[in-house]
Amino acid sequence: MEKQYNPREFHPPLSGAGPKEAIDFEKGGGLVPAVVQEWGTGMVLMLAWVNKEALFLSMETGYAHYYSRSRNKLWKKGETSGHIQKIREILIDCDGDTILYIVEQTGPACHTGAKSCFFRRLSN
1 MEKQYNPREF HPPLSGAGPK EAIDFEKGGG LVPAVVQEWG TGMVLMLAWV NKEALFLSME
61 TGYAHYYSRS RNKLWKKGET SGHIQKIREI LIDCDGDTIL YIVEQTGPAC HTGAKSCFFR
121 RLSN
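Count the sequence shown with UniProt numbering and you get residues 1 to 124, in order.
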C-alpha cells in the first residue's frame, strides 16, 4: 500500500511572522514562484507565479489564485476549466522567496489536459 503524503511529518508551522514578513516579494519584482503539489500523492503538478494579492486571495478563499505574467492579471485556477485547486497547506522555502501550495486537485492541472505540467522528459 502506498503511503499517504503528510507534510506535517516534516514541516513545522511558521512561528512569529505572517506572510507579509515571511515572503520576500521584492526580490522577484513583486512576484514569487509557487510550486504546486498534490496533497494525496506528493506529485508536483505545476509552477505558477503569485503576487501578494493572489496569495491573500488563496489564503482567504481556500482556493489557488495566481498572477499571470503574460496577461498581467490575477486568475483563479479552474475558473474557466473547472479544474480547481483546493488549498490544503501553504509552505514557504528557507529563503522566503518561493512558496509551495499543497492542493487537492480537481481534474488535470495542466492546460494540455495532462495530470501534471511536468510530463516531458529532457534528455541529451
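These are calculated hints, taken from the structure and not from any lab test. Keep in mind that the hints are not guaranteed to be accurate.
[Stated by the list, open to error] Calculated pairs, BS3-like style, for lysine-lysine (alpha carbon to alpha carbon, straight line, at most 30 Å):
| hint | residue 1 | residue 2 |
| --- | --- | --- |
| 1 | K52 | K27 |
| 2 | K86 | K73 |
| 3 | K115 | K76 |
| 4 | K115 | K86 |
| 5 | K52 | K115 |
| 6 | K115 | K73 |
| 7 | K73 | K52 |
| 8 | K73 | K27 |
| 9 | K76 | K86 |
| 10 | K52 | K76 |
| 11 | K27 | K76 |
| 12 | K86 | K27 |
| 13 | K52 | K86 |
Cross-check of the supplied hints:
With a C-alpha separation of about 13 Å, the suggested pair K52 and K27 falls inside the 30 Å cut-off, and the hint holds. Of the supplied pair hints, the one linking K86 and K73 holds, its CA atoms being roughly 20 Å apart against a limit of 30 Å. Simply put, K115 and K76 have alpha-carbon atoms about 18 Å apart, close enough for the 30 Å limit, and the pair holds. The suggested pairing of K115 with K86 holds, with an alpha-carbon distance near 15 Å, which does not exceed 30 Å.
Distance restraint check for K52 and K115: the Cα-Cα separation of roughly 27 Å lies within the 30 Å cut-off, and the hinted pair is therefore satisfied. Only pairs whose Cα atoms come within 30 Å are accepted, and K115 paired with K73 is accepted, the gap being roughly 24 Å. A distance of roughly 12 Å separates the Cα atoms of K73 and K52; the hinted pair therefore holds under the 30 Å criterion. In summary, the hint linking K73 to K27 is supported, as the alpha carbons are separated by about 20 Å, within the 30 Å threshold.
For the hint pairing K76 with K86, the CA-to-CA distance comes to about 11 Å; that is within 30 Å, so the pair holds. A threshold of 30 Å between alpha carbons decides the hint, and for K52 with K76 the separation of about 14 Å falls inside it, so the pair holds. At roughly 24 Å between alpha-carbon atoms, K27 and K76 fall within 30 Å of each other, so this suggested pair holds. Of the pairs offered as hints, the one joining K86 and K27 holds, with about 27 Å between alpha carbons and a cut-off of 30 Å not exceeded.
In summary, the hint linking K52 to K86 is supported, as the alpha carbons are separated by about 18 Å, within the 30 Å threshold.
The structure is consistent with each of the numbered hints, conforming to all of them.
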